[in-house]
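Chemist: Here is how the chains run, residue by residue.
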Amino acid sequence: DIQMTQSPSTLSASIGDRVTITCRASQTIYTWLTWYQQKPGRAPKLLIYKASDLEAGVPSRFSGSGSGTEFTLTISSLQPDDVATYYCQHPDPILVSFGGGTKVEIK
Amino acid sequence: QVQLVESGGGVVQPGRSLSLSCAVSGFLVSGYGMHWVRQAPGRGLEWLAVISYDGNKRYYADSVKGRFTISRDVSKNILHLQMSSLRDDDTAVYYCAKDKGVRLGLDYWGQGTLVTVSS
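One line per chain: the protein sequences are A and B, in this order.
Residue 1 is where the first sequence starts when you use this note's numbering, and the numbers rise one by one after that.
Residue 1001 is where the second sequence starts when you use this note's numbering, and the numbers rise one by one after that.
Bound conformation, chain A alone (with noise of 0.2 Å):
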């Protein structure tokens, strides 16, 4: 089974700050990897898939990059709105894994 592990387990940023989170996979997904963000009480949204395409609606100042075993979710300008957990996947369509969730805040 694929292993996935995101860092850190929490950031505190400031408004405007460049933001970035890493994923990190136990063996090689090529660039089969999911990004979602997650606000309290609702449902995942998606994000990012293949590694660094942004899903339709997704504001632009959200990216994703890497390939292998180790990816970024970047958000070049953190804003209020982007509160959330963001979680990064593996879609394997036999084993799909999760990683463990990335809680950002307002410094």
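Possibly wrong hints are sitting among the right ones.
To be verified - DEER-style ranges, computed between Cβ atoms:
(1) B:K1065 - A:T28: 21 to 31 Å
(2) A:G16 - B:D1073: 21 to 31 Å
(3) A:T28 - B:G1010: 37 to 47 Å
As the list claims (entries may be wrong) - In silico DSS-like pairs for lysine-lysine, Cα to Cα no more than 25 Å straight-line:
(4) A:K39 - A:K107
(5) A:K50 - B:K1057
(6) B:K1100 - A:K45
(7) A:K39 - B:K1057
What the hints contain is simulated information worked out from the structure, not anything from laboratory work.
Since this is a predicted model, take the numbers as computed values, not measurements.
Just so you know, even glycine gets a beta-carbon here, dropped at the ideal spot from N, CA and C.
Add chain B to chain A, keeping to what the hints say.
Modeler: For chain B alone, coordinates are given in the frame of chain A:
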């Protein structure tokens, strides 16, 4: 527009069974892989099961294999999750979700239904 609405959650005793449903509108379950994902209180997301677009393949997380069964009713456009031998650690919000495409993630989710396993 696309909508997924879960139902069937509630309080159930350990060892008992419960069935969840996910009513889908805006697309056909026969055209996409469909998943169940859960989230225990204060915890992260845990993938549980997937049924392929053609209904021929079903895969499960180790934590629920042999206890949970994913199925669908194409005529009613509904996804199901039959849960048996429930344990305290099955307490969670259960979400159904739609595949965007193979290996492209889950693009639509339901609002979730809470299952509480407690004596």
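Chemist: So, for every hint listed, does it hold in this structure?
Modeler: Hint by hint, here is what the structure shows:
1. B:K1065 - A:T28: 21 to 31 Å: 25 Å, holds
2. A:G16 - B:D1073: 21 to 31 Å: 49 Å, violated
3. A:T28 - B:G1010: 37 to 47 Å: This hint holds: roughly 42 Å between Cβ atoms.
4. A:K39 - A:K107: Holds - the C-alpha atoms of K107 of chain A and K39 of chain A are around 17 Å apart, at most 25 Å.
5. A:K50 - B:K1057: 23 Å, holds
6. B:K1100 - A:K45: Roughly 12 Å between the alpha carbons, so the hint for K1100 of chain B and K45 of chain A holds.
7. A:K39 - B:K1057: 32 Å, violated
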